[in-house]
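S.K.: Residues per chain, in single letters:
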Amino acid sequence: MENEANIKIFKLRKLKEKLFLYGVFSAALIAVVPLISILAYVFFQGISSLNLDFFTSLPVPAGEAGGGIANAIAGTFIIVLLACVVGLPVGILSGIWLAEYGEGKRGFVIRYTNDVLAGIPSIVIGIFIYAIFVLAMRRFSAIAGGVSLAIIMIPTITKTTEELIRMVPISLWESALALGISQWRVTWYVVFRTAWSGIFTGIMLAVARVSGETAPLLFTSFNNQFWNFAVDQPMASMTVQIFNYSISPFNDWHSKSWGASLVLVAIILMITLTVRRFSKRIYYG
Amino acid sequence: MGIAINKAGNGDKIFSYITLIFAWSIPALLFSLFLSLMVSGWPAILNNGPGFFVRSVWDPVAENFGVLPFIYGTIISSLIALVIAVPLGLGTAIYLTEISRGKTGDWIAQMVELLAAIPSVVYGLWGIFVLGPIVANIIGPMFSGTLGFIPIFSGPVYGLGMFSGGVILAIMILPTLVAVSREVLMTVPNNLRESAMALGTTKMETVTLAVLKPAWPGIMGAIILGLGRALGETMAVTMVIGNRPQISPSIFAPAYTLASVIANEFTEASSHVYLSTLIEVGLVLLLITVIVNGIARMLVWKMKQI
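Protein sequences, first through last, are from chains A and B. Each residue of the first sequence is one higher than the one before, starting from 1 at the first, in my numbering. Each residue of the second sequence is one higher than the one before, starting from 1 at the first, in my numbering.
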């Protein structure tokens, strides 16, 4: 009798296990569905609006045929480039300081504030730049957009730089120092160079991330229907263009919106995937 | 010789000072962010008073502002996101760490990570044209038809509303949830698993008793970190939540969030007080996300110390 009851309990436990295994497996499968759905939609909706015009001409008013997003593509590149120019030195040098000298209280404060900065919603950073840049310059500008993206990049770059420099083996350090090279030269020419490929990966991932940012650009770089290469003027970007087109009532603009999304997603995924593959080679031989 | 050593010493000093200045620019940046939002939001803080948090009017013409509907929309949409994403994310993390560490697992992990690379505005676009119609025509009627007597499923179903916002947020925080809880689960020492298995537990009992229990604070941290993301997410939510400042019990009704009111109205704010009020909304959002993230980081950090 007792034995039978035990078998029953055992069977119940086995059944529970089976349900659990199916449960977590289906969770993992369901988690992948949105990605496939989004990629498929963006591809099939976007591919039809891609043509030469789309990449080479300016936006046209609703109702007119043709037109493209050439200025928005260029704008995104310029704004992201500005973000790199401003954000990379800050992030990289701060990361070096944290890795080399960042013990104790000061290091804790900077690490902590860096984490806080990383958690701040990008739209709040947009407001900040609006308050200190746009109000002072009295107009929206590409440089304001670039700076707001730079602030979003800085925490990631700082963290990556610190972590990768810490990963450089101590023996490399010691052997360089033993040659009589001064400490800062060792840091800059030996340790940083060794960590560089990894840091570069981090930078590219951050670039991919900020290329898709919209919220802080809405009221910093704003938008522009024309060509503009002056950084103190409003500038178009792909993301703001996608947003404006998608909430419009026009079908033609909707399909342009899908087209722009396809271009943007393709660029971002290309960067992300290439960099991932590349970095794997570095880390795992 | 002595001179050379001296020179080297100076170089070290200069280098450390330069990097130090850049490092301190981060706290300075954060401080000036707080300060500038306080200064620009001050006229609104004076004008709106503490009643700002309990009023549910939003009347820019009369300059009468209350932020309650936005707080409601932000919190409820994020909670919907958690209800959907936590079981999925935790299940995925368990699958990846405890069950499959092979090729399939690698693929799934990479694809979930890629979700984080898709721009928010593209999620919004997908939400408007794909998710919205699905909610309006299939999911909404399914719930309101069978469970319509419960207030949260009652009323007419709009495709663009709180529920769609929650679903989009769930997808967007999934990578964070999976990545962090995966990392947390990996910190659980293997001998806990082995000793549980030695007692004859099934796979499920091993996971629930020997892995999830010690990992719990870290998993809570992952969940709260996801919550922090959801609270501050702007574009996708703005595009699908319906943008109506109201407090409705139904999750299918349109709503509004702190972040989306800023995104929608900032460039249209005509008066000084109006603009300042939107900055005050930003300040509220900033404080909420900083507190939530602080709690999350503390929990995850504690976990990693074990």
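Incorrect hints may have been included.
[Claimed, not checked] Derived DSS-like pairs: lysine-lysine, alpha-carbon spacing no greater than 30 Å straight-line:
{"no.": "1", "chain 1": "A", "residue 1": "Lys-8", "chain 2": "B", "residue 2": "Lys-203"}
{"no.": "2", "chain 1": "B", "residue 1": "Lys-103", "chain 2": "A", "residue 2": "Lys-16"}
{"no.": "3", "chain 1": "A", "residue 1": "Lys-14", "chain 2": "B", "residue 2": "Lys-203"}
{"no.": "4", "chain 1": "A", "residue 1": "Lys-105", "chain 2": "B", "residue 2": "Lys-13"}
{"no.": "5", "chain 1": "B", "residue 1": "Lys-302", "chain 2": "A", "residue 2": "Lys-14"}
{"no.": "6", "chain 1": "B", "residue 1": "Lys-203", "chain 2": "A", "residue 2": "Lys-18"}
{"no.": "7", "chain 1": "B", "residue 1": "Lys-103", "chain 2": "A", "residue 2": "Lys-18"}
{"no.": "8", "chain 1": "A", "residue 1": "Lys-18", "chain 2": "A", "residue 2": "Lys-105"}
{"no.": "9", "chain 1": "A", "residue 1": "Lys-11", "chain 2": "B", "residue 2": "Lys-203"}
{"no.": "10", "chain 1": "A", "residue 1": "Lys-16", "chain 2": "B", "residue 2": "Lys-213"}
{"no.": "11", "chain 1": "B", "residue 1": "Lys-203", "chain 2": "A", "residue 2": "Lys-159"}
{"no.": "12", "chain 1": "B", "residue 1": "Lys-13", "chain 2": "A", "residue 2": "Lys-159"}
{"no.": "13", "chain 1": "A", "residue 1": "Lys-105", "chain 2": "B", "residue 2": "Lys-103"}
{"no.": "14", "chain 1": "B", "residue 1": "Lys-213", "chain 2": "A", "residue 2": "Lys-11"}
{"no.": "15", "chain 1": "B", "residue 1": "Lys-213", "chain 2": "B", "residue 2": "Lys-103"}
{"no.": "16", "chain 1": "B", "residue 1": "Lys-13", "chain 2": "A", "residue 2": "Lys-14"}
{"no.": "17", "chain 1": "A", "residue 1": "Lys-18", "chain 2": "B", "residue 2": "Lys-13"}
{"no.": "18", "chain 1": "B", "residue 1": "Lys-203", "chain 2": "A", "residue 2": "Lys-16"}
{"no.": "19", "chain 1": "A", "residue 1": "Lys-8", "chain 2": "B", "residue 2": "Lys-213"}
In case anyone wonders, no lab produced these hints; they're calculated from the structure.
S.K.: Would the hint linking Lys-8 (chain A) and Lys-203 (chain B) be met if the CA-CA limit is 30 Å?
M.R.: holds, 18 Å
S.K.: Assess, step by step, whether the Cα of Lys-213 (chain B) is no farther than 30 Å from the Cα of Lys-11 (chain A), and give holds or violated.
M.R.: Holds. Lys-213 (chain B) to Lys-11 (chain A) sits at ~24 Å (cutoff 30 Å).
S.K.: Is Lys-203 (chain B) close enough to Lys-18 (chain A), meaning Cα to Cα at most 30 Å?
M.R.: Holds - the C-alpha atoms of Lys-18 (chain A) and Lys-203 (chain B) are around 9 Å apart, at most 30 Å.
S.K.: Lys-105 (chain A) and Lys-103 (chain B) were given as a pair; does the straight-line alpha-carbon distance stay at or below 30 Å?
M.R.: Distance of about 43 Å is beyond 30 Å: violated.
S.K.: Assess, step by step, whether the Cα of Lys-103 (chain B) is no farther than 30 Å from the Cα of Lys-18 (chain A), and give holds or violated.
M.R.: Roughly 21 Å between the alpha carbons, so the hint for Lys-103 (chain B) and Lys-18 (chain A) holds.
S.K.: For the pair supplied as a hint, Lys-13 (chain B) and Lys-159 (chain A), is the alpha-carbon distance within the 30 Å limit?
M.R.: Distance ~23 Å between Lys-13 (chain B) and Lys-159 (chain A) Cα, so the pair holds.
S.K.: For a C-alpha distance cap of 30 Å, please report whether Lys-213 (chain B) and Lys-103 (chain B) respect it.
M.R.: holds, 28 Å
S.K.: With the threshold set at 30 Å, check whether the alpha-carbon distance from Lys-18 (chain A) to Lys-105 (chain A) stays at or below it.
M.R.: Violated. Lys-18 (chain A) to Lys-105 (chain A) sits at ~51 Å, over the 30 Å cutoff.
S.K.: Given the proposed pairing of Lys-8 (chain A) with Lys-213 (chain B), does the C-alpha separation stay at or below 30 Å?
M.R.: holds, 27 Å
S.K.: Would you check the hint for Lys-11 (chain A) and Lys-203 (chain B), treating anything up to 30 Å between C-alpha atoms as holding?
M.R.: holds, 14 Å
S.K.: Measure nothing beyond the straight line between the CA atoms of Lys-103 (chain B) and Lys-16 (chain A); if it is 30 Å or shorter, mark the hint as holding.
M.R.: Measuring from Cα to Cα gives roughly 26 Å; hence the hint holds.
S.K.: Could you grab the alpha-carbon distance between Lys-302 (chain B) and Lys-14 (chain A) and see if it respects the 30 Å cut-off?
M.R.: This hinted pair is violated, its Cα atoms lying about 34 Å apart.
Violated hints for the displayed structure, listed by number in ascending order: 5, 8, 11, 13, 16 and 17.
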